[in-house]
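J.: Now for the letters of each chain:
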Amino acid sequence: MKAILRRPEIITLLLLLIAFGISAVGTPSFLDARYLLKISSPHMEIGVMALAMTFVIISGNIDLSVASGLALIVVCSARLFEAGVPMQWVMVLAILMGIILGLFNGLLITKLGLPSLTVTLGTLALYRGLAQRLLGDRSIGNFPSWFVRVDNVKAFGLIPAPLIIFLVLALIFGIILHKMVFGRCVYAIGTNEPGARFSGLQVDRAKLSIFVLSGLMMAVGALMMMSRLAIARFDHAPGYELSVITAVVLGGTDIFGGRGSIIGTVLALFLLMIVQQGMILQGISAETQLTVTGSLLVVSVILANLTGKLSTRTPAPKRPAANPSGGELKHA
Amino acid sequence: MSDPTTNPIIICRAVGKSFAGVTVLESVDFDLRPGEVHTLMGENGAGKSTLMKILAGVHRPGSGELLLDNVPVNVPSPLAAQKLGIALIHQEPLSFPDLSVAENIFMSGGSPQKEGKSQASPSWFVNWSAMYSEAAKILESLGVKLDPKAKVRGLSIADQQMVELAAALSQKAKVLLMDEPTAALTPEEVGDLFRIVRRLRDAGTAIVFISHRLEEVFSISDRITVLRDGHCIGTRNVKETTTDEIIRMMVGRELGKFFEKPPAQIGEPRLKVENLSSEGRFADITFEVRRGEILGVAGLVGAGRTDVGQSIFGIHSQSAGKVTLDGKPLNISSPRQAIDQGIAYVPEDRAHHGLLLPMSIATNTSIAELKKVSKFGWLSRKKDRHIAEEWRDKLRTRLRDVSQPARELSGGNQQKVVLSKWLLTEPQVLILDEPTRGIDVGAKAEVHHLMGELARQGKSILMISSDLPEVLAMSDRIIVMREGRITGRFDRSEATQEKIMAAATGQHSTLEAKPGPSGPGSPATPHPVRLRKTDASSSLLRFRELGIALFVLLTFFAATLKTRSMLAPETLSNILLFTPIIIVVAMGQMMVIISRNIDLSVGSILAFASIATCGIFVTHPGFPLPLAALLATVIGAAMGAINGTLIAYLRVPAIITTLGTLSAYRGLVFIYSGGRQVDSNYIPEALIDLSNRSAIYIPWIIVFAAMIAVLTALFLRYTRTGREIYAIGSNPHAAQMRGIPINRVLLLIFTLTGALSGLAGIFYASKFTFINPSKTGVEMELITISAAVIGGTNVFGGSGTVLGVLFGCLFLGLVNQAMPVVGINPFWQKAVYGVAILAAASLDTIIQKRFGKSA
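In order, the protein sequence lines correspond to chains A and B.
Going left to right, the first sequence walks through residues 37 to 368 as the numbering used here numbers them.
Going left to right, the second sequence walks through residues 379 to 1233 as the numbering used here numbers them.
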């Protein structure tokens, strides 16, 4: 029990329950599951990228380029569609593009040994810049009807497709991170990169994979957004990289790497969603909400610091007084 | 020599200390006299370092009292210890690699102006020439040839220790605490160090010394106090005791002689290395290790032994030569391949290379052989635990549970975890790099026993060790390396300490650190001159700034050639007017980055200060402009102070704090303005005029920005706080130990950055003549961080110059405004920013790799 309470996600869960309670008291319609499900779709685009970002941050890195990458993929896909490529192929190419963008980040980081902060700051500007160059102020629409409004596709007439996509991906990412060898490499690299290298882990390959994964999720997010909005513009997902990072950190993942979990990120995403929707229902403007979400992030870390201090650390074992191996020395 | 009748300078009376319920020291009595070297001995975990840290103010005693000159004192912090004249010399020197030798000597949190003696120790302002000359004087008095202006990055550990000693001397320390100062030194360097220690002792300094090497201890000490399990076992005069007695006191029983390798069946050659070379590291290395054999590799630290080991293991690349295993040529380029071939490498740096300290023992045990605990990529926690427990029992590792973090174990037990990890890979060849460094006598014997057992099983062991008795006792054959080459080969029967040292040093010298009478009468050996060439990186930095400047000019001229309108006053002023806004904010951002932090909230602060101030113009059209500027600055400072408080005092990482306030402050902008834009007709003419004209034909906001840049440069270069920012970024831990008021400095720079962002808000209103809640200041954080990165500021802190950042700002401003003029699609702009950042960062990395190999 104590071990459960010490987990960093517990604060996220508490905040989630509190936020839900306040929202429900303020607006009873909040208890209507259909409402919550209906408004979930835009958050899931942030969500899928946050899943990969969880890997990135646990490995001690950061990817600032996710939103720009998403925009670039949206723009390129739309241009391809405009040029007559069938939408099915556009989707495949979009995924491929995500891999390429992630690979570009990853190669600069592993081959040149540059810090991921600098590299992805550069590609943040670069990817958005290319998107802007490719499309300018125009927007492209008229996608085939089967492609648009994925959020209107509902399982059992209730659960929107983006939520299902997110939950399935969260399950897969959770299994990879917590149950598979690759996940252990991610933690090891974030804990001590040279140590991981000396232990024979293929650090560069793992880092490359992590950034490719991030690129892949940009593509998934891009397709989800393009479908939901039924339109492509270069300024899609403005500043979303910060929302993505906020979700991950709010979920208890250590910004310096080595610690974190997928369940934390999932909880944090729902927390952000409920806080935002709760405020919308109270008539608080979207911009004003920024103050609350920003403060929430800082407060959650302060709370985590406090509980970390309160829960006494496990005492180190006392060294045994004598040396039990003494006997073996005699035959020397 | 110490005189037993002198009054002790320090007395510890019944000092006790426990951490989280575990008693580390119990009722320890200890005294230290002026003019003596008093050594603390004991196994790891006996409490030596804790006692020393209590004296140095790092820890506070849980019980008992400290007396300094017979007066009870309280030493609450390292800074307080410094003020009392107590200085701690760390095993791994705590230096600021980005600062000069002189600054490293004088960087301290104390307030020396109170004693009012040294011009070199900055009070508020730094007197560089006085600092350099005084540093040179102190270094000379130590007999160390080091350039006070050289950067500390790249100095050897021995030299860094000298710098730390010089720092202690500069503070007129009466008590020197030296925690294993010799652990990483070559015998030659130990000799140098002891010469200085003896001189200081003879001048009346009281010295506490910790070492595991008995020979050294007997050579340098006047008295020895032995601790065991937190208890003081006793204090002996060196002249009246023997090594046997001290060992008995340390382990609580008689110890036999050194464990020796038992005979083993020596078989066929297994690992063969022929003419192996690696540029700049080692050359022409040829040897073979046979089955059941331990090949000892002796030599001084830095002789290239570790490089050879790591090269075989695939950490470094080799430029020439051949490695064969059982006659099969190997081509290894990564540790993974080495492991798969049956080669294991136990590194000397356990904390950084050997273990993942915060992770569990079970994880650490299986990390090099994950396929043993997984199937098709799926981990089995049960197998993980099972294997770890199996090895715990095999090696008798003392631990509470295998799920415990490896960090919690003592050095010896940590080493056993490392060994289990490598034995799990079932290696045929083990490369052991300093296998018993920093572990206590008992664990050491166990490791030696294990090595003997492994050899008996027919494994081949390459043992790199600086511990000569260990090399002699454990090796079947010994090779000696010096300066990257093999300079001696000995069989077990013919090897002696003297022969090995002669080969290692390249001369027939005797060990300086030999037991025997010593003191002022010992012959003055000519010490080696270690004059370092001046660090090339500072001149490269200048070169880099010049490079950006040239690039900015080139871009400008290219633009001018393409279109004359580039020179039109309107264009020029546009280019020049966007830049001051960036510059003002970037100055703050640069300071934050130098301190190893980041401020993402600058744009939101700019917007809020701007809209709050200009909101006043709407309601009070006659509001005086200087007052408005002041108001914006104060608002910005207040917001920055909130950031600073959260970061410095509530320990929220800067990136998270300012990510939060980036949103929070932007939200405030909307709350305050109700989402409405402040239009140009509300901005007073006088404010708009600041961007249009001035008495000297240059718009005022450019003049102001230039002044702020100059002030920032002066602040960073000539004030004590300015230098402290570099120190904190260069090595936060060292900054803390030196008593630099880190929290205050951080609060100050975040407040300053806020103030500058606020002021930039006024400039923004002047240039753009409107404030829009959703546009103003957006992406300012990215622009300023980019300016800093392009300008050469290290994103990991410690270095950066105003000049570089200024050019970075100019470049961004130029791209921003010039592209439309020369007919390049403005949509390219962001892409160009991105490429510039990547190019600048790549260039820096390449330069660093080429020239400044950091330690």
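No wet-lab data here; the hints were simulated from the structure.
Treat the hints loosely; a few may be bogus.
[What the hints assert, rightly or not] Taking lysine to any residue and the SDA-like style, the derived pairs with C-alpha atoms no more than 20 Å apart in a straight line are: (1) A:Lys147 with B:His609; (2) B:Lys877 with B:Arg863; (3) A:Lys215 with B:Arg863.
[As the list claims (entries may be wrong)] Stretch by stretch, here's where chain B covers chain A in the computed footprint (C-beta under 8 Å, at least three residues): (4) 108 to 115; (5) 153 to 159; (6) 167 to 178; (7) 204 to 217; (8) 220 to 232; (9) 313 to 324.
Every residue gets a Cβ at the ideal spot worked out from N, C-alpha and C, and that includes glycine.
J.: Each hint: holds or not?
T.: Outcome of the hint check:
1. A:Lys147 with B:His609: violated, 53 Å
2. B:Lys877 with B:Arg863: holds, 16 Å
3. A:Lys215 with B:Arg863: Status violated; Cα separation ~47 Å.
4. 108 to 115: Three-residue rule not met by the region 108 to 115 of chain A, so violated; n is 0.
5. 153 to 159: holds (count 6)
6. 167 to 178: Per the Cβ count (3), the hint holds.
7. 204 to 217: holds (count 3)
8. 220 to 232: holds (count 8)
9. 313 to 324: holds (count 3)
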